[in-house]
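Chains as they are written, first to last, in the working numbering: chain A, 24 to 381; chain B, 24 to 381.
One thing to keep in mind: the hints can contain errors.
Note: identical chains are not told apart, hence a pair may lie in one copy or across any two.
Unchecked claim - Here are the computed lysine-lysine pairs in the BS3-like style, where the Cα-Cα straight-line distance is at most 27 Å:
| no. | residue 1 | residue 2 |
| --- | --- | --- |
| 1 | LYS343 | LYS381 |
| 2 | LYS290 | LYS68 |
| 3 | LYS353 | LYS94 |
| 4 | LYS353 | LYS169 |
| 5 | LYS267 | LYS73 |
| 6 | LYS68 | LYS267 |
| 7 | LYS381 | LYS267 |
| 8 | LYS47 | LYS94 |
| 9 | LYS264 | LYS317 |
| 10 | LYS169 | LYS343 |
| 11 | LYS139 | LYS95 |
| 12 | LYS139 | LYS73 |
| 13 | LYS95 | LYS73 |
| 14 | LYS169 | LYS264 |
| 15 | LYS381 | LYS95 |
| 16 | LYS357 | LYS94 |
| 17 | LYS270 | LYS68 |
| 18 | LYS331 | LYS353 |
| 19 | LYS331 | LYS357 |
| 20 | LYS137 | LYS331 |
| 21 | LYS343 | LYS353 |
It should be emphasised that the hints constitute simulated quantities derived from the structure, not laboratory data.
Number of protein chains: 2
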Amino acid sequence: MTEKGKTSALQENEGVSEPETTNKSAIAAIKNKRQQQPSADELVKGILAKDRTALSRAITLVESTNPQHLKKANDIIQQCLPYANASIRIGITGVPGVGKSTFIETFGMYLTSKGKQIAVLAVDPSSTLSRGSILGDKTRMEDLVKNDNAFIRPSPSGSSLGGVARKSRETIILCEAAGFDTILIETVGVGQSETAVHSMVDFFLLLKLAGAGDELQGIKRGIMEMADAIVINKADGDNLKNAKIAKVEFNRALHLYPPKDSGWQPKVLLASALENTGIPEVWQLIEAYLDLTKENHFFDYSRNEQNKFWLLQTIEDRLKTDFYNNPSIKIELKHQLERIENGETTPFAAAELLLGLK
Amino acid sequence: MTEKGKTSALQENEGVSEPETTNKSAIAAIKNKRQQQPSADELVKGILAKDRTALSRAITLVESTNPQHLKKANDIIQQCLPYANASIRIGITGVPGVGKSTFIETFGMYLTSKGKQIAVLAVDPSSTLSRGSILGDKTRMEDLVKNDNAFIRPSPSGSSLGGVARKSRETIILCEAAGFDTILIETVGVGQSETAVHSMVDFFLLLKLAGAGDELQGIKRGIMEMADAIVINKADGDNLKNAKIAKVEFNRALHLYPPKDSGWQPKVLLASALENTGIPEVWQLIEAYLDLTKENHFFDYSRNEQNKFWLLQTIEDRLKTDFYNNPSIKIELKHQLERIENGETTPFAAAELLLGLK
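Next up, chain A with everything else stripped away, as it sits in the complex (with noise of 0.2 Å):
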């Protein structure tokens, strides 16, 4: 606070009045009209025709927690439906510094180059609103984020998988109803989520590094077996040489696995966001998995394989929370786990027990 009547940098001047010649009808008239959502239909409509803030809207729509914003989701994915499934989801995974951002930002500026229309989501249940979340910072993805091509959304927040997962997979339809050919969904590198991932994508790429003890890491949480391909990154200068022996041991490791239903065998690439180096190989690696799968029908099998895993899983998801979320079952369940804790009952005598309060 400075004194009254001296001069300051941080003295302040009185306002100047707003002008009276503003009229205030015709603000209250764009207020209200600001205020006013677009219907179901006209949102769909604007989907359909490409309109990126109708698609953001809907989006918006799909990751709220309000129940009326949610009955207008589900109108609008239905009527997205037929226009969805044509497009190439790839799920891309790596832990926290193997370079995700940047190998999706290079990967996709190819990708657009060659005249594909992308979406860029991601998945990250640990991520909220307020603190910052994978691809939260599109800063990171500077080019793709002017590109008209591409089309990026940080991670729906949430603290359920299962939440995060339905969000995802309901805006991945919306993103092709809205013509995105090629959907990149990128992950955490933590179990869990990549599951989910994996789960809802038709290709499963995972990014890692060379060196540092690295190469086997991902067999202890079975992602290694998820993948398509791994995609050895940063693969430039000193890393070179390393990354070429990564690529021996991965390869050998691969192998160990039981074939894939796809009758896929996973590759291994190089790759350099950097030297901009092992790219094309990346897709025309994808294209040939699309060739495979399509002419054996995995394609077509798997999208609906999935479609009835996340149906027994929101089930099974919903009928769980239902039981624990019941007041008597809570207090009687924490009453069984001391009795069980002190040997005077088993695990399915008391199940039975709780199963009773139903």
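For this one, chain A is given, so just place chain B on it according to the hints.
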């Protein structure tokens, strides 16, 4: 048939009638007594007195599908609980042909020679009453079956792993109450049943053979990750050299996994039932594990976690079974799956609809 009157080796003479001195009322009394089933209290008394007939009868009640038998079984288990838990529970797995039965026979004979009272159980969800199962053929454990300090029980039958697992866990309690201090639980090498057995034992032992590309096979199903020890079996004669090489390879592979919650570093041993070598070393290793996990309290912690796991697992299995067995849901589920396949609805919308029918 021989012609009447002719003498033949096949000729049958008329039978001798029953002597009249037999006391018919005594026979009826004995028959009546035999048909009378012992009460729950009588069986508990028998179990605690280490009466094998009482133990076997109680296990039969546990394995029954008759609701009255199950009620009686629950009563018996409840009464046995205070006398249970004072044992070490060891899971033993390995693919068919690895020599599980022979290993268990040799290991079991060694344990009884050390004064242990051992119970050998099996978990094999594929076994039925009619078909042969592991341990069904007790002749494969000729010495152990005649041993007064060993009790052998084949796998309970059942089509669901959950059901078989419940029966096995309750049988463990009964065996412990009957004074058996070392419980060996054998399982087949087929993935899911191993996970179930791993969730009911203190120590998990994986039997392996050297050679024939078998070295890293366990990795593909995450079984090696569960093992507290790998025993390379049949490490004798011409196999010995390969077994030693395999030991080095397994040791290297085990070090790729993250440290266990128990603080235990899994070990690899060689054994031969044929030459009776390596068996005391297996027991020494288990004793070292017990020393460590009792001191760091992992032993009790793990048993408590296993109980919680089985409580939640039992509840969730039943919630699902009840839902999917609901006749109106069965019909609508089929319909919704068709609609999903035709792209007329999403898995999430279909799940909402089905949950509404509950």
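Problem - Structure versus earlier hints, numbers of those that do not hold, lowest first - result: Of the numbered hints given earlier, those the structure breaks are 2, 4, 5, 6, 7, 8, 9, 10, 11, 14, 17 and 20, listed in rising order.
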